[in-house]
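Since chain A is already given, all that's left is putting chain B on it; use the hints.
As a plain string of letters, each chain reads:
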Amino acid sequence: GENVEQHPSTLSVQEGDSAVIKCTYSDSASNYFPWYKQELGKRPQLIIDIRSNVGEKKDQRIAVTLNKTAKHFSLHITETQPEDSAVYFCAAIQTGTASKLTFGTGTRLQVTL
Amino acid sequence: EPEVTQTPSHQVTQMGQEVILRCVPISNHLYFYWYRQILGQKVEFLVSFYNNEISEKSEIFDDQFSVERPDGSNFTLKIRSTKLEDSAMYFCASTVGDVNTEAFFGQGTRLTVV
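Taken in order, these protein sequences are the chains called A and B. With the first letter of the first sequence counted as 1, position 93 gets the number 93 in this note's numbering; the numbers rise by one all the way through. With the first letter of the second sequence counted as 1, position 73 gets the number 73 in this note's numbering; the numbers rise by one all the way through.
In isolation and in its complexed conformation, chain A is listed as follows (with noise of 0.2 Å):
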């Protein structure tokens, strides 16, 4: 099955710097990568997400690349401000499994003042 790995665990940037997060997946039939954003106790939300047709998607502070040939796929955020602090998730999606989605294993990000 699909695998995906995610670094790091914990990221801490200070406000206003760029905060980069990576994974890779194994299964190089996946086509579909979102990101999740998830506070403390609350659901995961869809924050961007990219599918195997396209090398990179920005959504204001927000982008996401993917590296189809290396199976790499990264987030990275801009501009970052206090209310960016959360655990982030990638994950991937194998094609033909009714969207099961296999999730990384986060990265809180913290961003300081």
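Some hints could be false.
To be verified - A partial selection of chain A residues facing chain B, derived with a Cβ cut-off under 10 Å: (1) P34; (2) K42; (3) P44; (4) G104.
Keep in mind the hints are simulated off the structure, nothing from the lab. Model, not experiment: these values are computed from the prediction. All residues carry an ideal CB built from backbone N, CA and C; glycine is no exception.
For chain B alone, coordinates are given in the frame of chain A:
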């Protein structure tokens, strides 16, 4: 904006008791899921459900677990005889289709087995 709703938000139960977690998926969605998140760990897939039957289940989803869509709106997860290690946050999710579609998550039910 439509959302997935779950009840209860928190359930405390004694070991060995049965629990039923309830979910109301988004009305035009066809695929339904249960995920589990043990405190401080990643979200793990339990089961997917489509057209009134299980599409796929993980190793976690053993004979103690079952799912049901008893009517046109509810989607339930039953744990027959709870164990301490079943303590976790359980998330229901739904999607419109089965490939490359956004999963919408409910707010979760925190299950505590004592």
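Was the hint right that P44 (chain A) lines chain B, CB cutoff 10 Å? holds, 5 Å
Any CB of chain B closer than 10 Å to the CB of G104 (chain A)? holds, 7 Å
Double-check P34 (chain A) for me: the hint is only fine if its C-beta lies closer than 10 Å to a C-beta in chain B. holds, 7 Å
If you take the shortest Cβ to Cβ gap from K42 (chain A) to chain B, is it below 10 Å? Nearest chain B Cβ about 7 Å off; hint holds.
When held up to the earlier numbered hints, the structure conflicts with none and fits them all.
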